[in-house]
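Colleague: Line by line, the protein sequences are chains A and B. Its first residue numbered 243, the first sequence is counted upward by one per residue in our numbering. Its first residue numbered 98, the second sequence is counted upward by one per residue in our numbering.
Among these hints, one or two may not hold up.
Distance windows between CB atoms, simulated [stated by the list, open to error]:
1) A:His486 x B:Gln323: 27 to 37 Å
2) A:Arg407 x B:Gly277: 55 to 65 Å
3) A:Glu428 x B:Thr234: 22 to 32 Å
Some chain B residues well away from chain A (every beta-carbon gap over 10 Å; in silico) [said to hold, decoys possible]:
4) Gly128
5) Phe134
6) Asp276
7) Leu308
8) Val319
Simulated from the structure, these hints should not be mistaken for lab results. Ideal placement from N, C-alpha and C gives every residue a C-beta, glycine not left out.
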Amino acid sequence: MSDETPPNADGVPPDVPPSEPAAESPASARTTEHLPAATEVGAPRDTAPALVITGLTIWRGSRVVLDDVSVSVAMGQVTALIGPNGAGKSTLINAALGLVPCDHGRIHLLGQDLLRLDRRARARLIGYVPQRSRLSAPLPVREVVALGRYALSGGLSGIFGANRRAVDAALAAVDATALAERRFNELSAGEAQRVLVARALAGGAQTLLLDEPTAALDIGHALSLLALLRRLAANGCTVLVALHQLDEVRRVADHAVLLNQGRVAITGTPDAVMTSAHLTAAFGVEPDPAGALAFRLSEPRTQPVESP
Amino acid sequence: MRTTLIFIGAALLLGVIAVLGLSIGRGDLSGQNGAVFLELRTWRIAAAALAGAALGMGGVLMQGLFRNPLASPDLLGTTAFALLGGQIVLVLVVLAGAALPVWLPAELLLPIGCLIGAAAALAALLWLAERASGLTTVLVVGFLLAALGSSAGTLLTSLSRDQWELMRALQGLSLGGVDGTGPAQLALGAPLVFIAGLCAWGWGRPLDVLLSGEHEAAALGVDVPQVRRWALIWTATLTAAAVALGGAAVFVGLIVPHVMRGLVGVTHRRLLPASALGGAVFLVACDNLARALPTTGELPLGVVTGLIGAPLFIVVLLRSHRELA
Chain A
243 MSDETPPNAD GVPPDVPPSE PAAESPASAR TTEHLPAATE VGAPRDTAPA
293 LVITGLTIWR GSRVVLDDVS VSVAMGQVTA LIGPNGAGKS TLINAALGLV
343 PCDHGRIHLL GQDLLRLDRR ARARLIGYVP QRSRLSAPLP VREVVALGRY
393 ALSGGLSGIF GANRRAVDAA LAAVDATALA ERRFNELSAG EAQRVLVARA
443 LAGGAQTLLL DEPTAALDIG HALSLLALLR RLAANGCTVL VALHQLDEVR
493 RVADHAVLLN QGRVAITGTP DAVMTSAHLT AAFGVEPDPA GALAFRLSEP
543 RTQPVESP
Chain B
98 MRTTLIFIGA ALLLGVIAVL GLSIGRGDLS GQNGAVFLEL RTWRIAAAAL
148 AGAALGMGGV LMQGLFRNPL ASPDLLGTTA FALLGGQIVL VLVVLAGAAL
198 PVWLPAELLL PIGCLIGAAA ALAALLWLAE RASGLTTVLV VGFLLAALGS
248 SAGTLLTSLS RDQWELMRAL QGLSLGGVDG TGPAQLALGA PLVFIAGLCA
298 WGWGRPLDVL LSGEHEAAAL GVDVPQVRRW ALIWTATLTA AAVALGGAAV
348 FVGLIVPHVM RGLVGVTHRR LLPASALGGA VFLVACDNLA RALPTTGELP
398 LGVVTGLIGA PLFIVVLLRS HRELA
């Protein structure tokens, strides 16, 4: 594990110390003013919200995809976005990235109205990791990570000076320094996802949005990626991650948001959100105590062995 | 360092092939008309180099634009429509005859017709590509556009059978060739190639980001529609300039970027100039070959590039199949 801090040359350094899991927080510090639409359950959080989505409504044709959704993502924490297929998780992430037009609502990041910012300014604030990159060109990993600096330096960027340092720092932050000279299309799925996290960090963004980043990964690589997200959050990053595997949510998230049919069904700590009643309502399933399988990364090896 | 060496090597190779080209041909340089032959050959070598550079860069842009190593101006119908635009202009010029004002020579109109044709085909293809899913659809539609363009061109040629000069000009354009290129065509073609090439180079960085697909590129801060629009304009300009200078020289825009990508990598800032040099080397070499082969009459340039390009294309196809898989 690395203790590197993520590159934040152009990002806003977090002024809130990394918090312990929310379950140990005092009840008096509850922050519910940004969450009018849904119920907040479980122990409250004690950190300031970084990303605040208020009353977001998005229509696609005659169908409402997101209906008055309000979500608050705390600084220095991992917030998991869960819900069945078609619940609106990806749309919510895409809306925050400015990739789908919003019909109603507001999205603020550290007090800035994201919907009023232009594409480049937004990209400087938010890093994005897709489920699987569509990049198939034989580009060296170092140059892939440098693409994350596009919004900062625009057309004139090369791999020089500050750029090179930022790329190195981003690679170090995700333990991918050894991959720097490899070609992206020759990486394993797990390595590729780590490089994409580095690309998202390279621009100095302190807020990461990840859309089912573990969906294509085997359990070893998935756990390794989740451990990386936890570490980034501990170093001050704000993380909003859509996840399909509910056991991953319990493992990685400080906070969970359950979306169902375009609405926020419930928000709160993972244990409080993933109760039998809520899961039955959203997914039509309930926890099976006898059949539960849980895994963790073996010690002392914290990374799965990569195939050459 | 390796890239620098490749650039120097390609530039030296271009020089050697160009000098070699000056000595190839039917005319005797030491004879009475030696100076005239030398001048004519200089023009045609310059035209071949420019057209090759334009097609090489056009191929890079299209392969980036469609994120497909099999895209190229001639495979996807851009060349065919540039040609058709040029042919329509030639017909119009003949029909207008004396009515054409003196300040508007046919040499100036030809590139404009090519540009309109190329831009129309590319815009139609991009419009379809945004709506249809899958690369196969784009390739099939491009192939249909190419067939449509060349059929319409053949129709024009056969309709003009009673006008021998016109028919010959139309055929010459579609077979490709730089013979008879003069300073007027070069003065028009060179700025088009240089400006479009430089501008495309300037857009190299967002084009690199676009290799990750439109969704990720937009999240990284790229204004995708704007980049696509400009890349389309520069591709159309380059293809039009190449067709106006050397007619339809097929396969250059496909093979050259492929070979150069293996040598200098996929980054546009390196691949564009490398493919410009590679395209110039390839087309000047093909033109030398067209003149050196012992045939009655000169082989059209498009025939030579086709004969060399088609087998190479099979190799490229097999290799990219592995890349895409």
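Colleague: Can you name, in rising order, the numbers of the hints this structure does not satisfy?
Modeller: 7 and 8
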